[in-house]
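S.K.: So you can see what is in the structure, the chains are spelled out below.
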Amino acid sequence: MATLARLQARSASVARQYYYRNSVVDVFRKKENDAAVKIQSWFRGCQVRAYIRYLHRAATIIQKRWRGYLGRQHYQLIVKLAYYTMKMNLYNAMAVRIQRRWRGYKIRKYCFNYYYLKEYLKAVSETNEAIREALEEFADMKEREEKKAALEKEEKKRDYQARKTHYLLSTKQIPGVYNSPFRKDPDPWELRLQKAKPLTHRRPKVTPKHSVSLGNWLECTSARSFPGSAILPPIDRKPCQGPFRNIAEVLEQRYKPLEPTLRGAEPIDGPKEARAEFQRQERTRNIHDDLFLPFSSYHKNKKHIPSMHLSSKYGPDSYGSQHFREKNPKRWICDKDFQTVLPSFDLFSKYGKLYSKAGQIV
Amino acid sequence: MSQRQVLQVFEQYQKARTQFVQMVAELATRPQNIETLQNAGVMSLLRPLLLDVVPTIQQTAALALGRLANYNDDLAEAVVKGNILPQLVYSLAEQNRFYKKAAAFVLRAVGKHSPQLAQAIVDCGALDTLVICLEDFDPGVKEAAAWALGYIARHNAELSQAVVDAGAVPLLVLCIQEPEIALKRIAASALSDIAKHSPELAQTVVDAGAIAHLAQMILNPDAKLKRQVLSALSQIAKHSVDLAEMVVEAEIFPVVLTCLKDKDEYVKKNASTLIREIAKHTPELSQLIVNAGGVAAVIDCIGSCKGNIRLPGIMMLGYVAAHSENLAMAVIISKGVPQLSVCLSEEPEDHIKAAAAWALGQIGRYTPEHARAVAVTNTLPVLLSLYMSTESSEDLQVKSKKAIKNILQKCTYLPALEPFLYDAPPNILKHVVGQFSKVLPHDSKARRLFVTSGGLKKVQEIKAEPGSLLQEYINSINNCYPEEIVRYYSPGYSDTLLQRVDSYQPLIN
Numbered sequence: 001m002a003t004l005a006r007l008q009a010r011s012a013s014v015a016r017q018y019y020y021r022n023s024v025v026d027v028f029r030k031k032e033n034d035a036a037v038k039i040q041s042w043f044r045g046c047q048v049r050a051y052i053r054y055l056h057r058a059a060t061i062i063q064k065r066w067r068g069y070l071g072r073q074h075y076q077l078i079v080k081l082a083y084y085t086m087k088m089n090l091y092n093a094m095a096v097r098i099q100r101r102w103r104g105y106k107i108r109k110y111c112f113n114y115y116y117l118k119e120y121l122k123a124v125s126e127t128n129e130a131i132r133e134a135l136e137e138f139a140d141m142k143e144r145e146e147k148k149a150a151l152e153k154e155e156k157k158r159d160y161q162a163r164k165t166h167y168l169l170s171t172k173q174i175p176g177v178y179n180s181p182f183r184k185d186p187d188p189w190e191l192r193l194q195k196a197k198p199l200t201h202r203r204p205k206v207t208p209k210h211s212v213s214l215g216n217w218l219e220c221t222s223a224r225s226f227p228g229s230a231i232l233p234p235i236d237r238k239p240c241q242g243p244f245r246n247i248a249e250v251l252e253q254r255y256k257p258l259e260p261t262l263r264g265a266e267p268i269d270g271p272k273e274a275r276a277e278f279q280r281q282e283r284t285r286n287i288h289d290d291l292f293l294p295f296s297s298y299h300k301n302k303k304h305i306p307s308m309h310l311s312s313k314y315g316p317d318s319y320g321s322q323h324f325r326e327k328n329p330k331r332w333i334c335d336k337d338f339q340t341v342l343p344s345f346d347l348f349s350k351y352g353k354l355y356s357k358a359g360q361i362v
Numbered sequence: 001m002s003q004r005q006v007l008q009v010f011e012q013y014q015k016a017r018t019q020f021v022q023m024v025a026e027l028a029t030r031p032q033n034i035e036t037l038q039n040a041g042v043m044s045l046l047r048p049l050l051l052d053v054v055p056t057i058q059q060t061a062a063l064a065l066g067r068l069a070n071y072n073d074d075l076a077e078a079v080v081k082g083n084i085l086p087q088l089v090y091s092l093a094e095q096n097r098f099y100k101k102a103a104a105f106v107l108r109a110v111g112k113h114s115p116q117l118a119q120a121i122v123d124c125g126a127l128d129t130l131v132i133c134l135e136d137f138d139p140g141v142k143e144a145a146a147w148a149l150g151y152i153a154r155h156n157a158e159l160s161q162a163v164v165d166a167g168a169v170p171l172l173v174l175c176i177q178e179p180e181i182a183l184k185r186i187a188a189s190a191l192s193d194i195a196k197h198s199p200e201l202a203q204t205v206v207d208a209g210a211i212a213h214l215a216q217m218i219l220n221p222d223a224k225l226k227r228q229v230l231s232a233l234s235q236i237a238k239h240s241v242d243l244a245e246m247v248v249e250a251e252i253f254p255v256v257l258t259c260l261k262d263k264d265e266y267v268k269k270n271a272s273t274l275i276r277e278i279a280k281h282t283p284e285l286s287q288l289i290v291n292a293g294g295v296a297a298v299i300d301c302i303g304s305c306k307g308n309i310r311l312p313g314i315m316m317l318g319y320v321a322a323h324s325e326n327l328a329m330a331v332i333i334s335k336g337v338p339q340l341s342v343c344l345s346e347e348p349e350d351h352i353k354a355a356a357a358w359a360l361g362q363i364g365r366y367t368p369e370h371a372r373a374v375a376v377t378n379t380l381p382v383l384l385s386l387y388m389s390t391e392s393s394e395d396l397q398v399k400s401k402k403a404i405k406n407i408l409q410k411c412t413y414l415p416a417l418e419p420f421l422y423d424a425p426p427n428i429l430k431h432v433v434g435q436f437s438k439v440l441p442h443d444s445k446a447r448r449l450f451v452t453s454g455g456l457k458k459v460q461e462i463k464a465e466p467g468s469l470l471q472e473y474i475n476s477i478n479n480c481y482p483e484e485i486v487r488y489y490s491p492g493y494s495d496t497l498l499q500r501v502d503s504y505q506p507l508i509n
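Residue numbers (UniProt numbering), protein chains in the order written: chain A, 1 to 362; chain B, 1 to 509.
Quick caveat, the hints were computed from the structure, so don't treat them as lab data.
Because the structure is a prediction, the values reported are computed rather than measured.
None of the hints are false.
Label pairs and their calculated CB-CB ranges:
id	chain 1	residue 1	chain 2	residue 2	range
1	A	G242	B	L7	19 to 27 angstroms
2	B	Y90	A	G242	20 to 28 angstroms
3	A	L262	B	K15	33 to 41 angstroms
4	B	V376	A	M88	48 to 56 angstroms
If you want a taste of the chain A side facing chain B, the calculated C-beta under 10 angstroms gives, among others:
id	residue
5	L121
6	K122
7	L135
8	F138
9	A139
10	E143
11	E146
12	A248
If we take Cβ atoms under 10 angstroms as the criterion, some of the chain A residues that face chain B in the derived model are:
id	residue
13	A123
14	E129
15	K142
From the three backbone atoms N, C-alpha and C, an ideal C-beta is built for every residue, glycine too.
Bound-form chain A, shown alone:
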């Protein structure tokens, strides 16, 4: 028991001692252990590293080979693709060239031919010029026609005026109004008067029948435009029963003024009267009423009756026809004989020279 008590009293310190002795060794052991571990770990590390290096090398070789293989495959694909692309590019380029040429050709030939357009525009402008000229000509022609018509009208008016005032023409003795002696040339109106024929006396004007133009019929207000009847028909209460005609028509027919034919309107001895009238007019101009007989039969029937001068016993005096001077020489004024050529009268020497030369146009 004592040992037990002693053990128990020493248990704590035994433990402590035990622990303390082990721990000292432990430290040492630990140190050695650590050293051993370190050595071992280093060595193991070397081993593993060598192994890993070996593995790496192997893996690298495998991967290298594998990647080479893959790459070569890939490369083949790339080459194929590049080749294909190159071919396609070439084809495209060629196709573009063909299309370019074709499109140019098509547009130029079928859609838009530039030269054709230029030709067309030139042709259009030429046509325009031609049309413009033609229209100008047409307008000119129309204007000329109008001017001509106006001039002709003017001329007609002037001619009529000249014929009306024909009495203003100048004569050789009296210069007219348009032929003043102070002018060098006569007025043009003078020439017109010379050419114009004088108007005859105004004949009784035949009033033209009042004709209605169609357009103005309804606006015309003259009494003659209304459809008038000269005779008013009598006013009846109611029309007669029966197949009778309209009373206005009947009366119109009954009281229609006589419209004889031309032959009926002439008197029956018309030609005879006309002849008698003509002869009456002729007779006023006759000197005597005897017919003028031709010479061949005249001297057979009639005796020649000499005129009074020839049948009287008193003859003509010889003075004035055979001699012109006084018989009695004592009554002569001078001794010389008369001149046989007489000077002209002053009056008649100025004849035709008193007036301007202007009237004497050839």
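Once you've looked at the hints, dock chain B against the given chain A.
M.R.: Only chain B this time, still in chain A's reference frame:
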């Protein structure tokens, strides 16, 4: 009292009636009398006289009624309301030619005022009797009937259809062939009024063979007849391509071009209307007109007229140019553009200016060549001023804006564009700057000119939002020039220079 005295009373009465009706008819010719006549109740007095026993009084009463109804539509309505029309129509069939003329005159006078009155005439069955009158021997009766039918058909398509259904068209075509000029005129005018409403009616007129006769009458020297004939042909041609082709097949070109040189203004107007109606349908028809030299003739015609007479010619040029660029080039080489710009500047009316602006826009919108041809004549500033002016109508402003836009988008003629930099509104300025930005990078001479003329300076002064199209254009212009020049011309450069002078430390030795 003796019988004679009794009868004398009646004779006096008849004389009084005749005199009354003749005086009323005469007074009704003067407009100032008609008011007085109306107030005096002349309608109610004339109405029983239409039923008078004496035909003379009937005819004169009808004539007087016609003249009154002709004056204004109240009186015409009074004629309709007074139930006079059935009586007129009934006796139209039976009486002599004076009465027929007078009755047709009344129908014409009533029918001309409004569609309702014309419908009233149709409702009382007047059309059949009028068509019967068209077959009469007397040309005056035919003329009066044709005139009445023309006035009725003028208002709308239903009335025209009624006239056609009554069988008037073949008879009108026969009337055109008659020798009397007045009858030809009226018949042509009636056919024109019938054909103008719809293509079917025009087709009916064509089926009756009217085109050949109308085409022959273009050569007639009478001016009023030519007016009506050309108007009829243009009303036929305007509806569809087939009808226009039929009119062209009647060989009116180049004869119709001589009508463009006529002395009468309305003949010129109707001739250019006809050519316009033909040209507007298809490019082939326009081509035909161009090949026949029609464009030159129309341009000369525009030059010789003023005012509304020019308008169809201007529109014709626009239609021709609108079809294709070759035709627009044909218009340009026929010297159309100077003429149109003259019209644009000197016409006072807005609608004619609008038409000229539209036509110029159609010509210049295709290629730079076309735009240059328009820009060279200095029309763009005129168009701009019309667009900007507050007095122009809305239509004119819209059309000039479109024209400017269309021309500017293709214009590379820089001297014409430069004035626009100075006084154009922003929406147009955008296009102008855009055009500059397209042309300047490629042309060195133009760049030099742009700088020396002060255009670069102006461009720098334009304010634009960054990122907008305008800014991009300005940038591309600025990229054409070295930086110093751009900085030199930028606004406020002199201020920055002075600031630098202020802040400079002089080198003290």
